[in-house]
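With the working numbering as the guide, the letters of the sequence shown map in order to residues 8 to 421.
In short, the hints are calculated from the structure, not lab data.
The calculated lysine-lysine pairs, modelled on BS3-like cross-linking and capped at a C-alpha distance of 27 Å, are: (1) K203 / K224; (2) K213 / K224; (3) K398 / K418; (4) K76 / K42; (5) K415 / K163; (6) K138 / K393; (7) K138 / K404; (8) K387 / K404; (9) K76 / K56; (10) K395 / K203; (11) K398 / K203; (12) K107 / K74; (13) K104 / K119; (14) K198 / K56; (15) K79 / K123; (16) K119 / K74; (17) K395 / K198; (18) K418 / K18; (19) K366 / K318; (20) K305 / K387; (21) K414 / K138; (22) K418 / K404; (23) K393 / K203; (24) K107 / K56; (25) K414 / K398; (26) K224 / K366; (27) K76 / K86; (28) K404 / K12; (29) K79 / K41; (30) K73 / K29.
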Amino acid sequence: MDNFKTPIDWKMTQLEHLCIKKGLVRGPFGGALKKEFFVKIGFKVYEQKNAIYRDAELGDYYVDEKKFKELKRFEVSPKDFIVSCSGTIGKIFQIPKNAKMGIINQALLKIKTNDKVIDDQYFFQYFDWDKFQSRIIDNTQGGAMQNLVGMDIFRKSEIALPPLLEQSAIAYVLGLMDTAINQNNQLIAQKELRKKWLIQNLLTGKKRLTGYGGVWKEVAMANVFNRVTRKNSENNTNVVTISAQRGFVRQTDFFNKAIASEIIDNYFLVEKGEFCYNKSYSNGYPWGATKRLNDFDKAVVTTLYICFGIKDLSKTSGDFFEQYFEANLLDRGLTKIAHEGGRAHGLLNVTPSDFFSLKITIPNSEEQTAIAQVLQAADKEIQLLKAKTDKLREQKKGMMQVLLTGKKRLKINT
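Could you put the whole structure together from the sequences, leaning on the hints where they help?
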């Protein structure tokens, strides 16, 4: 805490003293909740994802009344806290009033706080604070092996405790920030749904923009694009890979090491504005991903990619096709040309000749440009809202640093 001493009227209090008797309970051993104990209807079994996503409705595991009574010690009630203890560590969630009766599984910890000692919302905010999280998460095995610290250490973890009224005031102020963040995220979700609707309708011609009524034409990819097989004769070292989620990424950034061959003059050299199809399938991209090179003037890619550029920029909008490919509108055609047995080693068996024979139905260049502008405006709106969420989170982080340490005090009307 930067050698700052907490105010004289604050107390550093161990977690176990903030709970009611037997208020800290780790989930049952795995053997107590085997799959054969689960039933379709009964008492809910709360899981990691309930804590991680802060949603009491997730999950569909239940136990019967007999098993529920047997594991009564692990029952959760409204206002109890559950904490994730493996995988994604330290995520906390408060069980809401209308939650189903149930028990925690082996991957959760249950906390029942004493409301005569600590405000439950203050406890939630303090527990969720990154400074406290760093004290309860054991990083000694490295990032991939995080665990909750042992229960003995966890029980003794200290929380700075102001008077109850000040706790409530601090929790209220930080809760306002949470509300602002959540409202902004809801707006992002709405805008993303709208973008999805625009994609489904504008890129397929189901809906037309005002002023455009010409017939869309079905053409082969080969009529619009030329294959790029330009060798890296200039020995460019900007080797990139295609991430379905992030687009073109330097291999050193994506894999934390250079995995390309030391001799890269046989790789393809692509230039800004050109496209590459990565035949690797991934989550959300079952038939591979096609991306446009935007962030680099030139980049070097594996010859496993199918690379291509627009034949005539006066007749074709690159912005339109960036949106078109991102919407996975090639997938229907790819399902027909990806040969059986082609999913070996994570790669689809799509040949360049088959790829360029794919049929696409598109409008003229003017309508392409107009559609792209609408979709780009929607993207910009979403980007600005996401930036706002990031800014709000940073603001809250700064507020936590001063309010949860007593560096800044709130005026309390008694």
